[in-house]
Amino acid sequence: MSAGRNRLPTFAALIPGAALRRAAAVSPGDIRDAVRRSGLRGRGGAGFLTGVKWNLAAAAGGQEKYVICNADEGEPGTFKDRLLLSDFTELVFEGMTLAGRAIGGRCGIVYLRGEYRYLVPHLESILAKRRTKGLLGREILGVNGFDFDVEIRLGSGAYVCGEETALIESLEGHRGEPRNRPPYPVTMGFRGCPTVVNNVETLVLACGVAAHGPEWLRSVGTEDSPGPKLLSVSGDCTRPGVYEFPLGTPLRDVLGAAGGSDAKAVQVGGAAGVCVPRSQFGRRLSYEDLSTGGAVIVLGPGRDMLAVARNFVEFFNDESCGQCTPCRYGNAALMAGIEKLEQGRCSISELNDLLALGETMQLASKCGLGQTSPNAFRSIASHFRGEILGHGQGNGGGHE
Amino acid sequence: MDPLDRHRLTAEVVMLAEKYGRTRSGLLPILQALQNHYRFLPDAAMQETADLLGLHPVEVYAVATFYRFLDIERKGRFMIRLCRTLSCDMKGKDAVARQLELELGVPFGQTTPDGRFSLGWCNCLGMCDHAPALLVNDRVFTGVTRESVFNILQGCRRALSSQVAPGRLEGPDVSR
Ligand SMILES: Cc1cc2nc3c(=O)[nH]c(=O)nc-3n(C[C@H](O)[C@H](O)[C@H](O)COP(=O)(O)O)c2cc1C
Ligand code: SF4
Ligand code: FES
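Residue numbers (the numbering used here), protein chains in the order written: chain A, 1 to 400; chain B, 1001 to 1176.
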């Protein structure tokens, strides 16, 4: 929603074209250096240092290199990339072009979730506009050898395809099943070539760094989590929407802004994230504390926490690619456990077994989907143990 | 389009293969375009695609069955997918589901006997700030209520009778 724009001061202040003009005047190494010194970390969830990623891809050998913008945005409760793609479109493509210049790649691909297909005509029109302006195509801004263009490819409704190696499998025409890592995409990615995969928001922030220098990012946030972060706030609050906050902001402040201060708990980071009870609303959104791709789902005073856990476990059962046992079997077992809890037939030793199973899933699953899938259940079971054990026994509980 | 015209189908697959490339990377865009056109992937379409890309049909089938938005069984002219993930769940997706079933007379997972509508679930559509949300083919509807379910279905019916392309459905604008 365009009305959300004024909630995004840092992003709204960026001017398309500025980053590329700076980038055209300096060497690719200078761009990478600025990004590295800014401390920019990936906004897709994992928080990997963008400068390090770009350096690795630049150093990797190979004729062709690719820049992939991860616009799969499948994490439940996340919708901030939708806003960037619709209202800050030029900056998304500019960030990709910048990354191309930085690593020596000429091909960019936006992997757009199928759910956002309605954005395609808009995206194509902005691409055409940038080609006309000489910001895409051959000899960008008249710089010899600075060639870059962008292609849009669509997903088809599979959450796991947001995982970077599954995404690449999907682009190559296969089932979206994650690969073993290493090798990482920076050395062996799309079509076996060095590939940088970055989240939409990361690419936009890289534009700010290229245009204004590393200090621009470091002027807000914390030492280890520099810069602003977009948050997608939904659930039991009066003002849901996309918000910009400096990394390191306490959860309480976000709830205040979105009109959700009476929350019982908040699910931070979507289905893959953790449930934070009211007593911990002082915790901070940052890579050091509550790491998140930006989803903040507010759970109001009357919410049934076991129903929340069930919704997420159903999600993972549905979205698991089924390739490895800890994830496939584990999520089915968690579902069976939740059904027992709902009927008030789960003993404490059974609950403890489920929590131990969750730990195994975190350690033994092949990709991030399986590794994070027990997070919500485990955190709910630890903070709302009384409530979920009392379920179906006429004892609503409702206390931490 | 029904009964399936094999010649037209072949021509279409050839055209798509030219557009997206006769390589494995072209497979998903080709299947997506076929899905868009036929609202599912007929066996003959998967066979043609496999032949053109030099793949075994089983490989095409394996890809087709992996992705939720690709169907190997015939679906209604309008595929309705209601989001069942948490934010929509908390904002009344169950009421919307009941209303859809009432209006269409079929439960989730089924297609109306006239072949016009299919009902199904999907996961988070990235519209949680305007929950509950649903998809009608490619079109997103947000802030759906019992009342707007009726209007959305009426919009579909009007589109059918006026031969409007299903992508051009009327109705509330997609929120960005
Ligand atoms: C199951 C799963 C889904 C993911 N979905 C997304 C996604 O939708 N968007 C995204 O940017 N990253 C997603 N990621 C993270 C990517 O694998 C990758 O780390 C990220 O795109 C890197 O970009 P960044 O460093 O700029 O954050 C997902 C990871 C997993 C395990
Ligand atoms: S952890 Fe789950 S999603 Fe990831 S590879 Fe294993 S089965 Fe597939
Ligand atoms: S939970 Fe339904 S759109 Fe996100």
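To be clear, the hints were calculated from the coordinates, so they are not data collected in a lab.
Mixed in with the good hints there might be a few duds.
[Said to hold, decoys possible] Calculated lysine-lysine pairs in the DSS-like style (CA-CA distance at most 27 Å, straight line):
hint, chain 1, residue 1, chain 2, residue 2
1, B, 1075, B, 1019
2, A, 133, B, 1019
3, A, 129, B, 1019
[Unchecked claim] DEER-style ranges, computed between Cβ atoms:
hint, chain 1, residue 1, chain 2, residue 2, range
4, A, 282, B, 1056, 54 to 64 Å
5, A, 282, B, 1036, 26 to 36 Å
6, A, 139, B, 1047, 23 to 33 Å
7, A, 345, B, 1145, 32 to 42 Å
8, A, 238, B, 1056, 15 to 25 Å
9, B, 1047, A, 322, 46 to 56 Å
[Unchecked claim] Calculated from the model, a selection of chain A residues having no Cβ within reach of chain B, i.e. all distances over 12 Å:
hint, residue
10, 114
11, 154
12, 300
Just so it is clear, the structure is predicted and the values come from calculations on it, not from any experiment.
Even for Gly, the Cβ is constructed at its ideal location relative to N, Cα and C.
Verification of the supplied hints:
| no. | hint | result |
| --- | --- | --- |
| 1 | 1075(B) / 1019(B) | holds (26 Å) |
| 2 | 133(A) / 1019(B) | holds (26 Å) |
| 3 | 129(A) / 1019(B) | holds (22 Å) |
| 4 | 282(A) / 1056(B): 54 to 64 Å | holds (58 Å) |
| 5 | 282(A) / 1036(B): 26 to 36 Å | violated (49 Å) |
| 6 | 139(A) / 1047(B): 23 to 33 Å | violated (45 Å) |
| 7 | 345(A) / 1145(B): 32 to 42 Å | holds (37 Å) |
| 8 | 238(A) / 1056(B): 15 to 25 Å | violated (55 Å) |
| 9 | 1047(B) / 322(A): 46 to 56 Å | violated (26 Å) |
| 10 | 114 | violated (5 Å) |
| 11 | 154 | violated (6 Å) |
| 12 | 300 | violated (8 Å) |
When the structure is compared with the earlier hints, violations turn up for hints 5, 6, 8, 9, 10, 11, 12 and for no others.
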